[in-house]
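So the protein sequences, as listed, match chains R and L. Note that my numbering has the first sequence beginning at 1, numbered continuously upward. Note that my numbering has the second sequence beginning at 1, numbered continuously upward.
The reader is advised that the hints may include incorrect statements.
Cβ pair distances, simulated, as ranges [to be verified]:
id	chain 1	residue 1	chain 2	residue 2	range
1	L	Leu-365	R	Arg-129	31 to 41 Å
2	L	Gly-338	R	Glu-89	55 to 65 Å
3	R	Arg-129	L	Met-22	22 to 32 Å
Pulled from the structure, derived: some chain L residues nowhere near chain R, Cβ distances all over 10 Å [stated by the list, open to error]:
id	residue
4	Glu-65
5	Asp-72
6	Ser-81
7	Arg-88
8	Glu-89
9	Glu-157
10	Gly-171
11	Ile-223
12	Ile-247
13	Ile-256
14	Leu-276
15	Leu-300
16	Ser-319
17	Phe-320
18	Ile-322
The calculated lysine-lysine pairs, modelled on BS3-like cross-linking and capped at a C-alpha distance of 30 Å, are [as the list claims (entries may be wrong)]:
id	chain 1	residue 1	chain 2	residue 2
19	L	Lys-141	L	Lys-93
20	R	Lys-97	L	Lys-367
21	R	Lys-48	R	Lys-80
22	L	Lys-282	R	Lys-77
23	R	Lys-199	R	Lys-97
24	R	Lys-97	L	Lys-2
25	R	Lys-35	L	Lys-367
26	R	Lys-35	R	Lys-80
27	L	Lys-19	R	Lys-147
28	R	Lys-149	L	Lys-2
29	R	Lys-48	L	Lys-367
30	R	Lys-97	R	Lys-48
31	R	Lys-244	R	Lys-199
32	L	Lys-282	R	Lys-35
33	L	Lys-66	L	Lys-92
34	L	Lys-2	R	Lys-141
35	R	Lys-203	R	Lys-147
36	R	Lys-50	R	Lys-80
37	R	Lys-97	R	Lys-77
38	L	Lys-282	R	Lys-80
39	L	Lys-2	R	Lys-77
40	L	Lys-108	L	Lys-141
Derived by calculation from the structure, the hints in this document are not laboratory data. Glycine is no exception: its CB is placed at the ideal position from the N, C-alpha and C atoms.
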Amino acid sequence: MGEDFKYLSCHSCKTPDDQGDRNATVIETYGLTKKFGALTAVNNLNLKVKKGEIFGLIGPNGAGKTVTIKMLLGILKPTKGRAIILGEEVPNREVLKRIGYMPQETALYEDLTAQENIRLFGEIYGLNRSQLGEREDEILKFVELTKWKNVIVSNFSGGMKSRLSFACSLLHQPELLFLDEPTVGIDPPLRASFWSHFKELAKGGVTVFITTHYMDEASRCDRVGLIRDGRLLAVDTPNALKSKTGMESLEDVFLALLEEKL
Amino acid sequence: MKRSLTITKGVLRRIRHDKRTMALIVFVPLIIMFIFGYSFGGEVSDVKVIVVNHDEGFGEENLAEKIIRNLDTETLAPEYSNDEMWARESVKKGEAWALIFFPSNFTKDAFSALIGGADNLSAIKIILDGSDPTIATAVVKAVHEAITETMKEKGVEMPVSTNMEYIYGEGAEFIDFLAPGVMGMVVMMISLLLTIVSFVRERTTGTLNRLLASPITEAEIVIGYALAFALISLIQSSIVLGVAILIFNISVHGSILLTFSIIVLSAIGFQGLGILLSTAAKTEFQAVQFVPLLFMPSILLAGVLWPLEAIPSFIRPISFVIPLKYIADALRSVMIRGWGVERLLLNLTILLAFAIGTVAASIMLMKRRE
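Isolated chain R, as found in the complex:
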């Protein structure tokens, strides 16, 4: 991907190095719970995420990661508990303007071109024509799809779709970014490139909330929460988790925690 990180800082941050209210809490949840019939997908989740950090929600498939993100965005209604995002009680449509979301699925209109997708989502986030024109070029260059902007998305490779999906979630310069398994099914070089972007965004003051089940990615987060069967088992920095449990790798920490709890 390209190098134009300066464009990726969030709206409210004056300079990319703005350390302003670094300690501000961006996400808070209190007893957040979601049940589907007899199944409890998320169980009494209490979480705090601070501005500008990369927070990883780590767990196996079906642990409740996606359901958590959907509740934080207000796409799903919690059965119990509440969430506060950027100081506003969820659901709140105004606050969604300041949030970017990259769903687990590609979530693109496959029968539109890359450019048409970008314009559509840009307009939905309220970008006007001139803003859109500027952002469109920047973002396409950034995800290296400029050459392909007039190609119908269904002809794209998996990696290209991921890049476009990422671009669509960044268009409106969000302060908070939800990335639901953004690196599943993409090759290692692109994965590395994605991670350098995440880091750069966080440096610019953007809070990144990411889910993954790759442990090597977990160790690149500022803090991680380990989730299993809807329960949050532990929340801390990767290093603290390792030293607390005396384990070499996060994978071992996770396995140890599971055994302890079971």
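Using the hints provided, position chain L relative to the given structure of chain R.
Only chain L this time, still in chain R's reference frame:
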């Protein structure tokens, strides 16, 4: 509202990129118009007519009574009255298909013609709503058969004729009856099919999640879709109307604007229904299966290809819960009878309720977020 337009543009663009769907939108109305344009409706029954008999007879004889007794009551459902003006008005209002009128000197004229030297030809007057040619033909045929039957009983050939007067649809052919029905049918098919498929796709590909996580409201999404399908339906009905007028020479007696308004209301109603149905399907394949399920009863029972009178009477009540019946009725009344809004209040109210109801329900369903 601006965001709704974004959704509208998106829907239309996606269709434009999809050549097969584009072809569907254009060719389905063409094909249906041509296939059915050359075919005919079936036998009808229980056609509501009003019989007004003013015949004073001649001596002991009253020919009119005999002819009336010989009317085929399976085809016709006659109602008897003495009030010609009221009966005429009923036909005008669409409450009866025809008025069969016997003048006061009917028998007398027939007898004097028989003796020879008849000045006045004895004639039954049939005042017809010809907006449905199948029915009009059936009424005239039933009267002629009753005359033939009566003459056979009498054993003489009486010079009795019929005089036709059309209140609506003079010279209307099957194609005139068909064109409005086909318009409604095509709009139903495309709006329903395309909304179900695109909405299931919005759900399965995750684009709906992206939209729900954005500042756009549920109402803006649904309205965006509704606008797209309103536009598509206008294009389609213009195609049907164009073929009907240019190739089949039908004439439109009522307002084109009203015709298009009915089409747009229908399209909005069916796209709302499509969104509702899409929630009951997990894949596009499942979704498409809904279409024949809704479509078959609609074509068969809504009076699109043949009049309701051609449907067995015990099934007929089902027709009254099929939206397409009200659409076909309304379009036919505007195009053939030339009716305006004031005579279509019932149909328009039902269609408005259908459109608002399905749109509101689909917005509400999307808001539940379970």
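For a C-alpha distance cap of 30 Å, please report whether Lys-35(R) and Lys-367(L) respect it. Holds, at roughly 18 Å.
Claimed clearance of chain R by Leu-300(L), with the beta carbon kept past 10 Å: holds, 34 Å
Please verify that the nearest CB of chain R lies beyond 10 Å from Phe-320(L)'s CB. holds, 38 Å
For the pair supplied as a hint, Lys-50(R) and Lys-80(R), confirm whether the alpha-carbon distance does not exceed 30 Å. holds, 23 Å
Against chain R, does Ser-319(L) hold up as non-interface, every C-beta pair farther apart than 10 Å? holds, 38 Å
Satisfaction of hint between Lys-80(R) and Lys-35(R), Cα-Cα up to 30 Å: holds, 9 Å
Does the alpha-carbon distance linking Lys-2(L) and Lys-77(R) stay inside the 30 Å limit? Distance of about 27 Å is within 30 Å: holds.
Pair hint outcome, Lys-97(R) versus Lys-367(L) [Cα-Cα no greater than 30 Å]: At roughly 18 Å apart (the allowed maximum being 30 Å), Lys-367(L) and Lys-97(R) satisfy the hint.
30 Å limit on alpha-carbon distance, applied to hinted pair Lys-199(R) and Lys-97(R): holds, 22 Å
With the threshold set at 30 Å, check whether the alpha-carbon distance from Lys-48(R) to Lys-367(L) stays at or below it. Holds - the C-alpha atoms of Lys-367(L) and Lys-48(R) are around 27 Å apart, at most 30 Å.
Between the alpha carbons of Lys-48(R) and Lys-80(R), is the straight-line distance 30 Å or under? Status holds; Cα separation ~17 Å.
Hey, is Ile-247(L) genuinely clear of chain R, shortest beta carbon separation above 10 Å? Ile-247(L) clear of chain R: closest Cβ-Cβ about 33 Å, beyond 10 Å.
Of the numbered hints listed earlier, not one is contradicted by the structure.
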